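K.L.:
This is what each chain is made of:
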Amino acid sequence: MSSSQAARPGEVPPEPNHTFRFAVLWLVTTVIALPLVIFLIGPLIGPGNGSAQSSGQGTDFTVLAVLATPVLTLVVFYLLYAVVFFRQPQGGTLEGPAVRGHARVQTTWIIITSLMVLAVAVFGTARLEADNGSGSGSGPNPLTVPSGPKLPVQVIAQQWLFTYRYPTYGGVETTELVLPNNQMVEVHVTSLDVVHSFWAYKLGVKADANPGVDNVAFVKPTKLESFTVRCAELCGVWHGYMYNTGRVVTPAAFATWIHEQQTRLAPATKVLPKYSTTYLPEPKKRAEPE
Amino acid sequence: MSLFAKKLLGVSVATALLGALIGLYVAAWATSQPPTISASTAPASSGGNRLTLMTVAAIGPKYSPTHPDWVSYLVRQNGKWIHSTNFSVPAESVIHVTIDQYDSPTGLRNAFLSQVQGTIGGTMSVDGKTVTSIPPEETSHTWVVPQLGIFIPLPGVPEEAKNACEFAPCEGAAHRTVEFSFYSGKKGRYRWQCFVPCAAGFWNGLGGPMQTVGYMDGFLNVV
Chain A
0 MSSSQAARPG
10 EVPPEPNHTF
20 RFAVLWLVTT
30 VIALPLVIFL
40 IGPLIGPGNG
50 SAQSSGQGTD
60 FTVLAVLATP
70 VLTLVVFYLL
80 YAVVFFRQPQ
90 GGTLEGPAVR
100 GHARVQTTWI
110 IITSLMVLAV
120 AVFGTARLEA
130 DNGSGSGSGP
140 NPLTVPSGPK
150 LPVQVIAQQW
160 LFTYRYPTYG
170 GVETTELVLP
180 NNQMVEVHVT
190 SLDVVHSFWA
200 YKLGVKADAN
210 PGVDNVAFVK
220 PTKLESFTVR
230 CAELCGVWHG
240 YMYNTGRVVT
250 PAAFATWIHE
260 QQTRLAPATK
270 VLPKYSTTYL
280 PEPKKRAEPE
Chain B
0 MSLFAKKLLG
10 VSVATALLGA
20 LIGLYVAAWA
30 TSQPPTISAS
40 TAPASSGGNR
50 LTLMTVAAIG
60 PKYSPTHPDW
70 VSYLVRQNGK
80 WIHSTNFSVP
90 AESVIHVTID
100 QYDSPTGLRN
110 AFLSQVQGTI
120 GGTMSVDGKT
130 VTSIPPEETS
140 HTWVVPQLGI
150 FIPLPGVPEE
160 AKNACEFAPC
170 EGAAHRTVEF
180 SFYSGKKGRY
190 RWQCFVPCAA
200 GFWNGLGGPM
210 QTVGYMDGFL
220 NVV
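Sequence order for the protein chains is A and B.
If you're matching positions, the first sequence starts at 0 in numbering that gives the first Met the number 0 and goes up one per residue.
If you're matching positions, the second sequence starts at 0 in numbering that gives the first Met the number 0 and goes up one per residue.
None of these hints come from the bench; they were simulated from the model.
Note that the coordinates shown come from a computational prediction; the quantities given were computed from them, not determined experimentally.
Any given hint could turn out to be false.
As the list claims (entries may be wrong) - The following label-pair restraints were derived from C-beta to C-beta distances: (1) B:Glu136 - A:Thr244: 40 to 50 Å; (2) B:Lys185 - A:Val236: 22 to 32 Å; (3) B:Ser37 - A:Phe60: 41 to 51 Å; (4) A:Ala22 - B:Thr14: 44 to 54 Å; (5) B:Val130 - A:Ala125: 48 to 58 Å; (6) B:Lys6 - A:Leu33: 49 to 59 Å; (7) A:His238 - B:Ala13: 35 to 45 Å.
Yeah, the Cβ is synthetic: ideal placement off N, Cα and C, and Gly gets one too.
One chain only, chain A, in its complex shape (with noise of 0.2 Å):
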């Protein structure tokens, strides 16, 4: 402050206008944490580009980012803000004038917030719809489905233990997940017993297994990687132990490997059931509660 504005003895200094201050620095601000956010921070964000589903829930995840951003900025500046220049003066103990009710600025938020709620939740379903899921479980009957062809992979649950069953190769059932790059798999998820969930992160497909429930997902894998499959509802003591790998190949090495479990598991094969969507296989004699 030049010793020109300098105010007397006695007289109260001018307050700036804080509120420019305030909305200029928040701006800059944003503006440099977008770009960051959109180009550094949103690649790092999981899970990843192993299928079109996962690189999708990316997106979203960029694009929920990219909202909170400004949110995120405005409160934590504002705070810094009020640090620095609304300090109480050394020695003051005045406190400062009461604001009951401010309607221009109630109503401002009130609009801001119901807005940027609303607008996530038509990008939301607008993203569920275009994406059949976005590689969740929809349930017995999804509201959409993906054109052209699907492979149908059922996947079955138990205590403790993720098996896959091919329909559409004679019903074989095998102990490893196996699927052909960039082909639509329509994932059947179920459970023979209690609830497990069957969870490949880095195909971004998570789908409840409830016993005597067709759980549906669809995931199109796009990248030819080993992945996990774990269960991701706590099952009872073995739940940590609930996992296997998967594995995404090309058509021919899946046309191969699914020849070769034909071959190898047809005993197995022989005394399944027949397919289902959902299996309620009584235990035969100790199933009475106590």
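Please build the complex by placing chain B on the supplied structure of chain A, with the hints as guidance.
P.N.:
Using the frame of chain A, we list chain B on its own:
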């Protein structure tokens, strides 16, 4: 020291003592495990190592006073049956396993597990006969190590069999003998379990011994 300070100190010491005791109890409970039994060296004629197991419909009061009616595995060591489901086998070795199965059939919830997998040759022998699978409804228990890809279905003793074993020890009673060999592979700690819902008296046959290490599940330590 003021009265308030004395009270504060007393409450603090009592709280710390109680917390420590609870912590010790939880730690002891969480880390308590049945003993790990090592596979014995197999005769030179077969080579490798040998693991001998038994399955019984009820473990009996001799081996488990707290849960005498629970279904269980036992393991043989130095001619004695030990109540444990933690085994140790050497890595990169052939392991010959014999399981004397004394329980009646319950049936598999997933018939897929009726096929033998992960053994040398993809087979096992039942009472001396080589098989690749057994009827799912005749399965009494399984010995499965999912991470090693080993799936062994164990056939049950027929219901009408005379001299059926009521509870362990069962030697001399009616039983089925299952034998197989597998390659142990890399070092690691692998869990194994029975996949037959065989816990009598529990909801869907799933609780109790099916969820307790020392009965129908445990660890295979490859060392």
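K.L.:
Each hint should be assessed against the structure and marked as holding or not.
P.N.:
These are the hints, each one checked on the structure:
1. B:Glu136 - A:Thr244: 40 to 50 Å: 31 Å, violated
2. B:Lys185 - A:Val236: 22 to 32 Å: Given a distance of about 25 Å, which is inside 22 to 32 Å, the answer is holds.
3. B:Ser37 - A:Phe60: 41 to 51 Å: 50 Å, holds
4. A:Ala22 - B:Thr14: 44 to 54 Å: Holds, at about 52 Å.
5. B:Val130 - A:Ala125: 48 to 58 Å: 56 Å, holds
6. B:Lys6 - A:Leu33: 49 to 59 Å: 57 Å, holds
7. A:His238 - B:Ala13: 35 to 45 Å: Because 36 Å falls inside the window, the suggested range holds.
Checked against the numbered hints listed earlier, the structure breaks hint 1 alone; every other hint is satisfied.
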